[in-house]
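Residue numbers (the numbering used here), protein chains in the order written: chain A, 1 to 238; chain B, 1 to 238; chain C, 1 to 238; chain D, 1 to 238; chain E, 1 to 238; chain F, 1 to 238.
Please note: incorrect hints may appear among the correct ones.
Think about it this way: if two alpha-carbon atoms lie no more than 25 Å apart in a straight line, the pair counts; the simulated SDA-like pairs of lysine to any residue are [stated by the list, open to error]:
#: 1; chain 1: A; residue 1: Lys234; chain 2: A; residue 2: Leu145
#: 2; chain 1: C; residue 1: Lys82; chain 2: F; residue 2: Arg86
#: 3; chain 1: C; residue 1: Lys80; chain 2: A; residue 2: Glu205
#: 4; chain 1: C; residue 1: Lys234; chain 2: C; residue 2: Thr170
#: 5; chain 1: E; residue 1: Lys82; chain 2: A; residue 2: Asp194
#: 6; chain 1: D; residue 1: Lys168; chain 2: A; residue 2: Ser84
#: 7; chain 1: A; residue 1: Lys82; chain 2: C; residue 2: Gln157
#: 8; chain 1: E; residue 1: Lys196; chain 2: E; residue 2: Asp153
#: 9; chain 1: D; residue 1: Lys82; chain 2: F; residue 2: Leu144
By construction, these hints were calculated from the structure, which means they are not laboratory data.
Here the structure is a predicted model, which is why all the values come from computation and not from measurement.
Now for the letters of each chain:
6 protein chains.
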Amino acid sequence: MRPSGRAPDQMRPISIEPNFTVHAEGSVLIGFGDTKVLVTASVEERVPPFLRGKGQGWVTAEYGMLPRATHTRGSREAAKGKQSGRTQEIQRLIGRSLRAVTDLTALGERQITLDCDVIQADGGTRTASISGAWVALRLAVDKLLASGALTSDPIIQQVAAVSCGIYKGTPVLDLDYPEDSDADADANFVLLSDGKIAEAQATAEGACYDEEGLLRLLRLARIGCNDIFAAQLKAVGR
Amino acid sequence: MRPSGRAPDQMRPISIEPNFTVHAEGSVLIGFGDTKVLVTASVEERVPPFLRGKGQGWVTAEYGMLPRATHTRGSREAAKGKQSGRTQEIQRLIGRSLRAVTDLTALGERQITLDCDVIQADGGTRTASISGAWVALRLAVDKLLASGALTSDPIIQQVAAVSCGIYKGTPVLDLDYPEDSDADADANFVLLSDGKIAEAQATAEGACYDEEGLLRLLRLARIGCNDIFAAQLKAVGR
Amino acid sequence: MRPSGRAPDQMRPISIEPNFTVHAEGSVLIGFGDTKVLVTASVEERVPPFLRGKGQGWVTAEYGMLPRATHTRGSREAAKGKQSGRTQEIQRLIGRSLRAVTDLTALGERQITLDCDVIQADGGTRTASISGAWVALRLAVDKLLASGALTSDPIIQQVAAVSCGIYKGTPVLDLDYPEDSDADADANFVLLSDGKIAEAQATAEGACYDEEGLLRLLRLARIGCNDIFAAQLKAVGR
Amino acid sequence: MRPSGRAPDQMRPISIEPNFTVHAEGSVLIGFGDTKVLVTASVEERVPPFLRGKGQGWVTAEYGMLPRATHTRGSREAAKGKQSGRTQEIQRLIGRSLRAVTDLTALGERQITLDCDVIQADGGTRTASISGAWVALRLAVDKLLASGALTSDPIIQQVAAVSCGIYKGTPVLDLDYPEDSDADADANFVLLSDGKIAEAQATAEGACYDEEGLLRLLRLARIGCNDIFAAQLKAVGR
Amino acid sequence: MRPSGRAPDQMRPISIEPNFTVHAEGSVLIGFGDTKVLVTASVEERVPPFLRGKGQGWVTAEYGMLPRATHTRGSREAAKGKQSGRTQEIQRLIGRSLRAVTDLTALGERQITLDCDVIQADGGTRTASISGAWVALRLAVDKLLASGALTSDPIIQQVAAVSCGIYKGTPVLDLDYPEDSDADADANFVLLSDGKIAEAQATAEGACYDEEGLLRLLRLARIGCNDIFAAQLKAVGR
Amino acid sequence: MRPSGRAPDQMRPISIEPNFTVHAEGSVLIGFGDTKVLVTASVEERVPPFLRGKGQGWVTAEYGMLPRATHTRGSREAAKGKQSGRTQEIQRLIGRSLRAVTDLTALGERQITLDCDVIQADGGTRTASISGAWVALRLAVDKLLASGALTSDPIIQQVAAVSCGIYKGTPVLDLDYPEDSDADADANFVLLSDGKIAEAQATAEGACYDEEGLLRLLRLARIGCNDIFAAQLKAVGR
């Protein structure tokens, strides 16, 4: 029995509010239940030094959590003067995931930065970030296409992510915080709309798991990502 | 003529959405026009080292701006590894302003941290932060009173802040970004509901100003703060 | 009654020792009573990146306090690895104040940095810094004029600063440390020799103040700045 | 055809030189082909603050790479003043992997730190680190058992790790640097000697992969880890 | 021929102005020609953690250079966020030198920090710092003896330091900046008033030197230190 | 009687293992007894900014100690975010020492970085680093000569370093850790194969020393360096 009463393969309600802010080329407030992440996509007509003159663009991500997004206040990374290992690990994952669905050559010599800021946290902030980042990226690229800055679409397909875990012996989809802090294993899958896998990460927290467990988690993730793919399309009006 | 078409003594629409997040003891999304700041109040049952054992509490503030709150993306302070001078100046101002209306002895040995995070910026982020912080503080203290943790109210009165400036020779209230970047002088006033001044800061950016100019800015600020005081009371249901 | 026995509108003795060091283009040791600040003006034939190629110069300031300038030793900011919020706030204020009297276009594409290092502190270090910085800047610019590097004088007028405060209910001029640590309100005014105001900052520390209080502080500041203007002129031999 | 001429399921030669240094409680120089990592295990009779008084121990890891471990010299993290996101991600993974086979309560209130320093890099430094760390931990714990500081063995079983990847369309075991920089997908598996999985991470670098691909990589990892388990036992004389 | 016209064994004029600042327990402005260093001695009734409860005191030093102490402005270490290797090397040397003449047990559980801040630099800032630090320490200890906080004198003897070098083939005493930047070898000697050596450091900058050269430099240093010892005694009124 | 039973003028066994790693242009594992340092020489076809376009090269060094090179684990400098004063002092010394035997003009516009990483420490890590760095530099330069990148040899002669000290009243050569931590004076000499001195540093730790003591330490250093010179030549096959 899950604390929230959800079925093992049931996502929390997915909410996607596009164009949440006015300045960014793309922006979205995405919610997986009580987890809320604001994602903005910023287009800059320059690329990082290692790509200069190579005729391709770049997609990157930064991640942050507001100090009181969580149950008890955490310290502000800007005040501590450094980003934690967890923050860096997450923002590297988000960037890789979005690059997996972007044709960087078609993007041209420009960079799109996806800022994922967690307004409220209840488990699954990195997977909500990836799923929302696709929407923000889609909106920003649509603007580039509409303005004629881009003539062909560099976004190849959709990407979404969801967490799964083994909670009290049962594989379950989309862990919330009470489940996340008590799970035996915790996995994050980044899946593409063509069914391929961009990233699989499954970590034993208590008891280790076996091959069958890994596969059951992956299959739950497919169910969740299909829901997210549908919500993404609806949000961007496709 | 103001770019927005407002009268010289006209505030932008004030919006205050209390209880915007679920974990913080107090939270609010405050808007002065397109400027949107999320303020949370976090209560901790401890005080900073310099106050330990002195029988009083503390109210402090931190301020941040999401990288794409602005027209063009700014760098993330957590990634740069330090807070700018501007950020530190603003968070010190917010903390002082809220302490000006708090009886720290009545608060008891606990600290309330006001995190002011700018979601969207269009001028006046520090004044919106102060004005919103009072609401978040009020909500958090109401919770402490309701739970019996506090038996007398440590909040003495209301505090609000607004910017004014001399724009194309005319003193105007509540500068938005186009005015702010082009004003001859830029002032921030922090006023109390009893009419007293907690803080006055008036900086010449282009032409310097005189005593009469300073007074006219102050009088505009009174008009604006009265609007904010009313909106604050409505938001907290008083 | 002031701890020092001064009248409410009485400055501490102002001492200005020009050319205190040999290498800087301009240098001065300025004293407001026991507060002593060494200010040097360094001319560099380059401008910061944001001004390159714009046909104008820049005036900026840095501020520091020697660890034992104060009653008890403070930690060295270079050893802590960062400048405090207070330091940054002060150096931003000094820079703005001097730019208020400088025609940056007439200065040409060069930067003058005003380093204000507090040798001994007894209240009013930021106002002594601003007042001394004008002298150092004047001396450095005189050297540029004498050498023919500049043909017209970019310094438009004088700038000086002084603190005032409400001490035991009475507005007083030029707070020393015992007054500063016990004042109800603490203000800093940066005034120009033509009577205009470049910056006004008045902060309630205990009881808040009203419009009349603000004006009385401003009028005291005028008295003090007139003394400083005279001392500046004498020091630079005008 | 692999650049090294190895069969797809063939590990590079595994070398394990125990007791490589004299001061550490456990130490080992482990090699997977040209990848060489020095791992030391340091026992300290204290635990980190979050565990004080909880009657359990802690196992943690730090990771570093000598500047010229690689083909071209990289900058020294100590000189840059911060550890990269990659370094932090790796050391968190190593720590989690070793804790998966340690009974922290049986360890008692002491901490064992596993320092993994890459002397020479040719792909697979994180997996060699984990595999070597088990040997260093085993040697250090044996010393604690021999001295009577521990009376029961807190190490539950063996842990080892290996990388796999899809190289030119073929799943291969234990990527060396030429393969790693050119693979379509890159996975790291941390496996236990009872067959369970502690951690699976599979990242698409070029083409994304499918469920069958993930399973084939996992099966290769089992082959490699069995070789490592045997080499570990031989090195510690069991 | 030396640029300054001095004889090879001739010091620059030594100036020592004791009690240069009012707050520090001991303070001095020491000059070796145009090199001017402000040294303050701060007494604190606590010792660093590694000495707690060991019944002894500590003498330590910090060193800094004002940005425009030099011919061209250097960057401020507090603004850069770290002390250079040179700064750290010098402050370690100053601390060791003063500890060489202090009976730390007789000092009791207190720390004296010697802050050496270079106001103006013309070669020899580290040796002027050491020589001035002895004066500041002497003054501070005299205050502790006068107040009865100390009953026996922990200062065993005098310490002084001077630079020497091989300039255009000739060993010379007390290098100024033009000599220092052009010397073949540059040495610093820290000598005690009983004739012993606390520290000798001789570095070849151009041509290396031989044993005879080292001895000749040492003998010059003795001449210089004897002058400094006399000036120190006069300054402290002994 | 020395703890190790060595005669006062007896070095520990010197071991030099050239080409210890595969990627660096030169590499060596040098041992003075239980002190083991890995030195790599990395050639880069660029010079630091201050040398650009000056037609000469540069030789520099970095130094580090693995956290558990020592008897008890020290913290990792990369994790602390800064290099200690001791580290910086040592790496500056190593760089100066190697530049003393290199004709930087003959080297051409390239930089050779000597990374000295202490694998195991038992006293004398800086002197072993210098002595090993010469070998690594020699090997790297030999490769440049063999490839034709260099046509004349920029290495003028050999350089070696050794520590000496006054231990229980007796001058002894090549201090190991038990001697080092208990010596009255501790000296490091950097000598050239032509008999000249590149650097002499002698520090009193307990009792100060006299001119005779300094000379006796220097003479011991000559004995030790002659042994090292021979071992260096043998290692590089000359």
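Right, here's what the structure says about each hint:
no. : hint                  : in the structure
1   : Lys234(A) x Leu145(A) : holds (19 Å)
2   : Lys82(C) x Arg86(F)   : holds (21 Å)
3   : Lys80(C) x Glu205(A)  : violated (38 Å)
4   : Lys234(C) x Thr170(C) : violated (32 Å)
5   : Lys82(E) x Asp194(A)  : violated (51 Å)
6   : Lys168(D) x Ser84(A)  : violated (36 Å)
7   : Lys82(A) x Gln157(C)  : violated (44 Å)
8   : Lys196(E) x Asp153(E) : holds (20 Å)
9   : Lys82(D) x Leu144(F)  : violated (33 Å)
The structure fails to meet hints 3, 4, 5, 6, 7 and 9 from the earlier list, while all remaining hints are met.
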